[in-house]
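Participant: Turn these sequences into a full structure, and let the hints steer you where they fit.
Spelled out from the first residue to the last, the chains are:
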Amino acid sequence: MTDESLWYIFINASLISNFVLAYFLGICPFLGVSGKMETATKMGAAVTFVMIISSMCAYGIHALLVALNAPFLQLISYIVVIASTVQLVEMVIKKMSPALFKALGIFLPLITTNCAILGLALFQTNKGYNFLESLVYALGAGAGFTLALVLIAGLREQLNLADVPDVIKGTALTLVIAGILSLTFMGFAGLGL
Amino acid sequence: MDKPEVKGKGIFSASLEDGLSTDEFIKGLWRDNPVFVQVLGMCPVLAVSNTAINALAMGLATAFVLLMSNILVSSLRNFIPKQVRIASYILIIATFVTITDYAIQAISIELHKSLGAFISLIVVNCLILSRAEAFASKNSIGNSILDALGMGVGFTFALFCLGAVREIFGNGTIFSFPLFAENFQEWIIMILPAGGFFTLAAWLLIFNIMKKRKLST
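As given, the protein sequences belong to chains A and B, one line each in that order. Quick note: the first sequence uses my numbering, first residue 1, plus one each step. Quick note: the second sequence uses my numbering, first residue 194, plus one each step.
Fair warning: there could be bad hints in the mix.
[Unchecked claim] In the DSSO-like style, the derived pairs of lysine-lysine whose C-alpha atoms are separated by at most 30 Å in a straight line are:
hint, chain 1, residue 1, chain 2, residue 2
1, A, K127, A, K36
2, A, K102, A, K169
3, A, K127, B, K306
4, A, K95, A, K42
5, B, K405, A, K36
6, B, K331, B, K220
7, A, K102, B, K331
8, B, K405, A, K169
9, B, K275, A, K95
10, B, K220, A, K169
If you are wondering where the hints come from, they were derived from the structure by calculation, not from laboratory data.
Facilitator: Here it is in structure tokens:
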């Protein structure tokens with residue numbers, strides 16, 4: 001194991017196969033809370049935190065399930081771990097910053113049903129990453145998610161000032177921007193090996 | 194009905210009292226279509242809609258999980274304590290998704306490969322959880338089944354719309370049958386992730402225009 005391969009995992013998870021723009025994971029919060037720059041940044045941070053914790057837990061659980069020879073419990077145990085981590089984050093945020101808690105609103109508990117997090121746990125298992133690799137993968141995925149969220153929030157803030165036809169306002173417009181962003185992210189494919 | 198002791202508390206009694214309403218079925222097809230109107234469950238919609246057959250399989254798998262979890266949630270709605278309801282719903286859904294995952298693997302390993310991790314990701318499809326929370330936990334089994342069927346068919350329909358468009362333009366085929374003459378130039382972008390975003394945006398646009406026209410007449 002060299003440092004280079006860890007670096008590659010990070011770049012791969014954050015840019016080349018960005019979770020939101022290439023794998024379509026975590027589209028719900030992506031469309032939901034991307035209206036404002038500030039909430040988008042904090043949402044990204046919260047998701048990254050949950051990703052790192054649940055990735056570590058998922059690694060342990062996978063080892064345990066392999067030892068117990070019960071792979072069919074994988075999905076159920078992953079989702080339970082993620083749900084409890086989200087609960088933890090929710091309590092911490094509520095205590096530390098009630099304003100942020102309000103701003104994130106319903107989307108905070110909905111991190112549980114954020115496909116990006118469960119997807120991360122499943123992908124790292126499928127790819128057979130070791131502990132360190134999983135951690136870097138989670139970090140990269142979180143960074144990529146935050147990046148995509150912040151980018152789209154910035155674009156949407158600008159678009160609020162633009163004169164757009166009524167029919168395309170809202171989700172349709174966000175999807176078009178997301179499509180264009182996704183095209184630009186394809187440029188990173190050249191970084192791949 | 195001369196059985197006064199069944200008053201909505203029993204499991205099966207409620208469905209007899211409330212009566213079934215076909216509206217619960219119809220609403221999912223068009224008016225409250227989960228994808229085009231409610232914009233729920235976007236991740237699988239965009240991710241596996243690159244061919245019509247993938248989209249159809251994904252839609253059916255989701256509809257099955259939705260139906261089964263709605264039935265179970267509805268029949269247990271008087272037993273699940275309020276505080277732990279979301280966790281219980283997710284456990285119920287995860288169980289059925291595991292079943293579906295293994296079933297698809299048994300039916301067609303090829304399909305399982307092309308859908309990949311997205312079958313497992315049905316667990317976190319917001320559509321299923323939102324139906325359990327918003328409908329099945331408050332309504333009788335009969336109505337919940339109708340609701341799940343309507344939403345499931347609506348979801349499958351929407352996925353198919355997306356998958357068909359992307360396959361026709363991106364591959365020049367539908368269900369792997371060639372549609373165009375040899376010299377048709379495929380629009381590669383339609384199979385790429387960006388194409389998913391654009392196609393969905395176009396469908397939403399069409400729905401918006403139709404809604405607007407309906408309002409103005």
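Participant: Would you mind marking each hint as holding or not holding in the structure?
Facilitator: Evaluated hints:
| no. | hint | in the structure |
| --- | --- | --- |
| 1 | K127(A) / K36(A) | violated, 35 Å |
| 2 | K102(A) / K169(A) | holds, 25 Å |
| 3 | K127(A) / K306(B) | holds, 14 Å |
| 4 | K95(A) / K42(A) | holds, 15 Å |
| 5 | K405(B) / K36(A) | holds, 28 Å |
| 6 | K331(B) / K220(B) | holds, 17 Å |
| 7 | K102(A) / K331(B) | holds, 27 Å |
| 8 | K405(B) / K169(A) | holds, 13 Å |
| 9 | K275(B) / K95(A) | holds, 23 Å |
| 10 | K220(B) / K169(A) | holds, 24 Å |
Violated hint for the displayed structure: number 1, the only one.
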